[in-house]
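Asker: As a plain string of letters, each chain reads:
2 protein chains.
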Amino acid sequence: MTRNGADALVEALVAAGVDTCFANPGTTEMHLLAALGRHPGMHTHLCVFEGVASGAADGYARMTGKPAATLLHLGPGFANAMANLHNAKKANSAVVNIVGEHATYHLELDAPLTADIEGMAETVSDVVATLESADEVSAATNHALAEIAGPSARVATLVLPNDVAWSPTDVAGEPVAPAPALEFDAQAVARAARTLSEGGSGVALLLGAPFVTARMASLADAIQKKTGCRLFAESAVSRMERGGDTPPLPRVPFHVDPATEALAEVWAAVLVGARAPVAFFAYPGRRSELLPKGCETIAVSPLLADAEKALEALAAALEAKPEPHRPTLVAPADRSAVITPETLAATVAHALPEQAIVVDESITNGGFLYAYCGDAGRHDWINNRGGSIGYSTPVAVGAAVACPDRRVLTITGDGSALYTLQSLWSMARDQLDITVLILANRSYKILANEMSKIGAGNPGEREAPLLSLDHPEPQWTQLAQGFGVSAERATTVAELDAALRGAFSSSGPRLIEVVM
Amino acid sequence: MTRNGADALVEALVAAGVDTCFANPGTTEMHLLAALGRHPGMHTHLCVFEGVASGAADGYARMTGKPAATLLHLGPGFANAMANLHNAKKANSAVVNIVGEHATYHLELDAPLTADIEGMAETVSDVVATLESADEVSAATNHALAEIAGPSARVATLVLPNDVAWSPTDVAGEPVAPAPALEFDAQAVARAARTLSEGGSGVALLLGAPFVTARMASLADAIQKKTGCRLFAESAVSRMERGGDTPPLPRVPFHVDPATEALAEVWAAVLVGARAPVAFFAYPGRRSELLPKGCETIAVSPLLADAEKALEALAAALEAKPEPHRPTLVAPADRSAVITPETLAATVAHALPEQAIVVDESITNGGFLYAYCGDAGRHDWINNRGGSIGYSTPVAVGAAVACPDRRVLTITGDGSALYTLQSLWSMARDQLDITVLILANRSYKILANEMSKIGAGNPGEREAPLLSLDHPEPQWTQLAQGFGVSAERATTVAELDAALRGAFSSSGPRLIEVVM
Chain A
-2 MTRNGADALV EALVAAGVDT CFANPGTTEM HLLAALGRHP GMHTHLCVFE
48 GVASGAADGY ARMTGKPAAT LLHLGPGFAN AMANLHNAKK ANSAVVNIVG
98 EHATYHLELD APLTADIEGM AETVSDVVAT LESADEVSAA TNHALAEIAG
148 PSARVATLVL PNDVAWSPTD VAGEPVAPAP ALEFDAQAVA RAARTLSEGG
198 SGVALLLGAP FVTARMASLA DAIQKKTGCR LFAESAVSRM ERGGDTPPLP
248 RVPFHVDPAT EALAEVWAAV LVGARAPVAF FAYPGRRSEL LPKGCETIAV
298 SPLLADAEKA LEALAAALEA KPEPHRPTLV APADRSAVIT PETLAATVAH
348 ALPEQAIVVD ESITNGGFLY AYCGDAGRHD WINNRGGSIG YSTPVAVGAA
398 VACPDRRVLT ITGDGSALYT LQSLWSMARD QLDITVLILA NRSYKILANE
448 MSKIGAGNPG EREAPLLSLD HPEPQWTQLA QGFGVSAERA TTVAELDAAL
498 RGAFSSSGPR LIEVVM
Chain B
-2 MTRNGADALV EALVAAGVDT CFANPGTTEM HLLAALGRHP GMHTHLCVFE
48 GVASGAADGY ARMTGKPAAT LLHLGPGFAN AMANLHNAKK ANSAVVNIVG
98 EHATYHLELD APLTADIEGM AETVSDVVAT LESADEVSAA TNHALAEIAG
148 PSARVATLVL PNDVAWSPTD VAGEPVAPAP ALEFDAQAVA RAARTLSEGG
198 SGVALLLGAP FVTARMASLA DAIQKKTGCR LFAESAVSRM ERGGDTPPLP
248 RVPFHVDPAT EALAEVWAAV LVGARAPVAF FAYPGRRSEL LPKGCETIAV
298 SPLLADAEKA LEALAAALEA KPEPHRPTLV APADRSAVIT PETLAATVAH
348 ALPEQAIVVD ESITNGGFLY AYCGDAGRHD WINNRGGSIG YSTPVAVGAA
398 VACPDRRVLT ITGDGSALYT LQSLWSMARD QLDITVLILA NRSYKILANE
448 MSKIGAGNPG EREAPLLSLD HPEPQWTQLA QGFGVSAERA TTVAELDAAL
498 RGAFSSSGPR LIEVVM
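Quick note, the sequences are listed as chains A and B, same order.
Position 481, counted from 1, in the first sequence is what this note's numbering calls 478; the numbers after and before it change by one each time, with no gaps.
Position 474, counted from 1, in the second sequence is what this note's numbering calls 471; the numbers after and before it change by one each time, with no gaps.
Possibly wrong hints are sitting among the right ones.
As the list claims (entries may be wrong) - Label pairs and their calculated CB-CB ranges: (1) A:G505 / B:G364: 51 to 57 Å; (2) B:G62 / A:G457: 27 to 33 Å; (3) B:G364 / A:S502: 55 to 61 Å; (4) A:A169 / B:E293: 23 to 29 Å; (5) B:S149 / A:V168: 21 to 27 Å; (6) A:A178 / B:L179: 36 to 42 Å; (7) B:G291 / A:H40: 46 to 52 Å; (8) B:R332 / A:G505: 36 to 42 Å; (9) A:S130 / B:R283: 18 to 24 Å; (10) A:T488 / B:R212: 32 to 38 Å; (11) B:S483 / A:K450: 45 to 51 Å.
To be verified - Computed cross-link-like contacts, SDA-like style, restricted to lysine to any residue with a CA-CA straight-line distance of at most 25 Å: (12) A:K450 / B:E105; (13) A:K442 / B:A108; (14) A:K306 / A:R191.
Said to hold, decoys possible - Residues from chain B that keep clear of chain A, each with C-beta distances beyond 10 Å, as calculated: (15) V11; (16) A126; (17) A146; (18) V168; (19) S194; (20) A233; (21) G241; (22) A259; (23) E286; (24) A330; (25) D331; (26) V335; (27) R403; (28) R426.
Simulated from the structure, these hints should not be mistaken for laboratory data.
Quantities reported herein were computed from a predicted structural model and do not represent experimental measurements.
We put the beta carbon where it would ideally sit given N, CA and C, even for glycine.
Let's have the full structure, built from the sequences with the hints guiding it.
Answerer: In structure tokens, the structure reads:
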């Protein structure tokens, strides 16, 4: 077998530590598929929709800290992956997309699937390269991988024309070292320490690094206790270690009014990895910036710097010493009760296994989950920084592939889960230990609330059906079983508790429809 | 209620005859939703995935010849619609996308859902406009609608920032007339007539207009009979009237080798709406152009001209007189037989009701359907000109909304149907008379064949699972029922025949999984 351009690409990926590819290939990717098969260092997982592949790559990257690959079919295949690539980019997850393209000489014929792949890729990628010849594949791939391993880029898209994939080459590019990690700002740390030590509750400490470690939470908690400042994590952190003896981190509320209220008395904000918080959407008569007008901001650590080091320095300057948190987890009192946002949270927190990975896409009914789970055992919490719904079940696939020894719990609304329900098939194919909680209120509940908040009135007779998922109500147990995932419904606390414990103690995926 | 930018947009749509919108809205579209509700001339259908909305708009446009609208949520919502917008654009279907954007002053804050909507839109649209103020909405919308009603553009994307939607305006733009339709080339017709009358079977007559009418088929058939030329429709025509006494039109074969062979003896090709045919993909050692080297081409009618008029002129020049076709439909002989591509075709053709609309997305197992149905009753046949799979069930939704008095049959592989299975929910929501035939071979069968044809060898132990849909096999009857669509399986000709007749004689959607 002669080495070809596809081999050169896969070799470069494997050499850079990329060992997992989530794939939905077509004819233009067959040489890539063969090359992936020839390199035992690469593990490939079939997805039956591209948005599952891109979300899974994101989840894998969040849990391993190293890039995952996708394999996508031409422009339309890339387009289907874009919503979750948007989320991956906003989450600062390193993902490398490999997109097959028509042979270079075929493009001018404008065959049916010909599309502007680069134009699409530019909108959701930091690095885009079309590999023009087999000899340049290795070097160009090395460069792209170095860029996304560095602090300035996260999503790379490599477009490989079919004739470049099948042409022989013996060229291997030189390894490329990524740019060094960004440093935190020592002067800003000193200024932040002064402000924190003098400002009390008028100062907010805001954590927003893509990965907030347990150590960061402990340091921040110590600083809060020492100075009396207000402490928040951003409302959506890509990955957060928490639970057990890790001090819980409150978050900036998701909704604009409580967020503005929580920050109303703040005159200075110390940003560790975080940006100054903004509203998800603009609303007439409300400010989009969540910090009060004139609030001073002190950025001690850029987004992709080592925020833990910055916090260590800040805590040292303030002589703040971390103390372990003492969790106080209480079982839900009334097991026959119907499931409300609060009993849901208590039940989940109580059943959550040690070292679980929680992928949270609940908004309307999930308001208490994060707080209650702060007193559960050690776990990771994953949130959506990009806001495009349909992220959680694909991200759960990638997290489970990355961490086969851990339990993954994904919690999502019924409206959100419909966008990428094909992820259920991937869970069944790879028998992943994922529990999917569908919070089923049979509506785009959040939108009914948003409609009046944004000044568009209340849904009338002609609008209401457009915000509802009834007629018909999706039957999640049937949908799950259709994809080979066992499923059940829970309508009381006792049923939910039993379903969760059953799911966590058996292997393979399980879906629980929570009727709310 | 003060008239706002959203009202101005909806008014312009309704005034231009756009009466149907397929919607998946979010917060930034709430003012548009309210405006859609205030205008009784507009009918809005909820879709639970954006790729369903864009495919449905395509299907509606194909069957009505007028534009349909989509309502999409910001960049990621648009991204989810793009694959089927690619198909709509390639099919020359007029679609106007309305995309909500953050308020203009909110964009610089880079909130989670901020994305490059225009950059995305440029890749699949002919016209892209961001409406910058409420006063300009009406005129800009009129211009965009005139462009897609003319012969040079088909897909328009209008981006409406939220504050533009909610700002008051009393400005109404002047109506804009679309550019006149393109004319056919009378000189080329004369030259084509000479070539056809002299060339016999060395000349091919190729039809490729987006809408091939029954009259066009009759005229082309008459020309073929008069001159002895070879006659083909393009392998994928957006919409074709056929069946009954309409003479059947053979098509250029889908696969490159039979297509090249079918055209091997041709030295001149007369193109009516069609382009010179090209291979779907490039293959090593094969030409991508399907006409032989040196073949002369005579284009008598550009793609969006009135191809029927061109054919009338050509037939008149050749004194070719249409004759009605005498269909010879034979029932499948052995009703206990298993379902093969051939018995499938015979069974479908025999059960097809008058005035059915067939949306075909079958390749591997559907090879005989088109030919057999040529002898069925009058029907329309819809094909995918863009090649992005997952097009047929959404297009069926739009076709059924457009033609509530007709039966829609969509025929698709199990792999293809998974991309946009959320269309089943829309079928159930609107109780559309759609029958979905899933040809279930539990694999991406076409790719296993393509892999060796493209020189990448046969699937080995590590590649084969990536081309297969077993472990688990999707259970289509459960998936359908989960979305509120009644469903059954058919494994013999008799079962399939009974299932089809049952579906065609009852109202609402039905899914039939055909085990092959």
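Asker: Take the hints in turn and mark each one as holding or not.
Answerer: Hints, one by one, checked against the model:
A hinted range of 51 to 57 Å is violated for the C-beta pair G505 of chain A and G364 of chain B, which are about 38 Å apart. Here the CB-CB span from G62 of chain B to G457 of chain A is close to 32 Å, well matched to the stated 27 to 33 Å. For G364 of chain B paired with S502 of chain A, a C-beta distance near 49 Å fails the hint of 55 to 61 Å. Between A169 of chain A and E293 of chain B the beta carbons are some 48 Å apart, a value that contradicts the proposed interval 23 to 29 Å.
Checked against the hint of 21 to 27 Å, the C-beta distance between S149 of chain B and V168 of chain A comes to roughly 45 Å, which is inconsistent with it. The beta-carbon spacing between A178 of chain A and L179 of chain B, approximately 59 Å, falls outside the hinted interval of 36 to 42 Å. Between G291 of chain B and H40 of chain A the CB atoms are about 49 Å apart, so this pair conforms to the stated range of 46 to 52 Å. Checked against the given bound of 36 to 42 Å, the beta carbons of R332 of chain B and G505 of chain A, roughly 41 Å apart, stay inside it.
Between S130 of chain A and R283 of chain B the CB atoms are about 21 Å apart, so this pair conforms to the stated range of 18 to 24 Å. For T488 of chain A and R212 of chain B, the Cβ-Cβ distance of about 60 Å falls outside the hinted range of 32 to 38 Å, so the restraint is violated. Distance hint check: the CB atoms of S483 of chain B and K450 of chain A are about 39 Å apart, inconsistent with the given range 45 to 51 Å. Straight-line distance between C-alpha atoms of K450 of chain A and E105 of chain B comes to about 22 Å, which keeps the hinted pair within the 25 Å bound.
Proximity of K442 of chain A to A108 of chain B is assessed by CA-CA distance (about 22 Å); at most 25 Å being required, the pair is judged to hold. As the CA atoms of K306 of chain A and R191 of chain A are separated by approximately 18 Å, the hinted pair is consistent with the 25 Å bound. With a minimum CB-CB distance of about 14 Å to chain A, V11 of chain B clears the 10 Å threshold, and the non-interface call stands. Under the 10 Å C-beta cut-off, the non-interface status given to A126 of chain B relative to chain A holds; the minimum distance is some 17 Å.
Every CB of chain A lies more than 10 Å from the CB of A146 of chain B, the least distance being 23 Å, so the non-interface label holds. For V168 of chain B, the condition that its CB be more than 10 Å from all CB atoms of chain A holds, with the nearest at approximately 20 Å. The claim that S194 of chain B lies off the interface holds: its Cβ sits roughly 30 Å from the closest Cβ of chain A, which is beyond the 10 Å cut-off. At the 10 Å boundary, the C-beta of A233 of chain B falls inside the reach of chain A, the nearest C-beta of that chain being 7 Å off.
In this structure G241 of chain B is separated from chain A by more than 10 Å, as the shortest Cβ-Cβ distance comes to about 29 Å. With a least CB separation of 18 Å from chain A, A259 of chain B remains clear of the 10 Å interface cut-off, as annotated. Once the 10 Å rule is applied to beta carbons, E286 of chain B is inconsistent with being away from chain A; the minimum gap is 7 Å. Every CB of chain A lies more than 10 Å from the CB of A330 of chain B, the least distance being 34 Å, so the non-interface label holds.
Taking the minimum C-beta to C-beta distance to chain A, about 32 Å, the non-interface status of D331 of chain B holds against the 10 Å cut. With a closest Cβ-Cβ approach of about 24 Å to chain A, V335 of chain B is found to remain outside the 10 Å limit, as its non-interface label requires. Non-interface status of R403 of chain B relative to chain A is upheld: no Cβ of that chain comes within 10 Å, the nearest being about 23 Å off. At the 10 Å boundary, the C-beta of R426 of chain B falls inside the reach of chain A, the nearest C-beta of that chain being 6 Å off.
Taken one by one, the earlier hints fail for this structure at numbers 1, 3, 4, 5, 6, 10, 11, 20, 23, 28, listed in ascending order.
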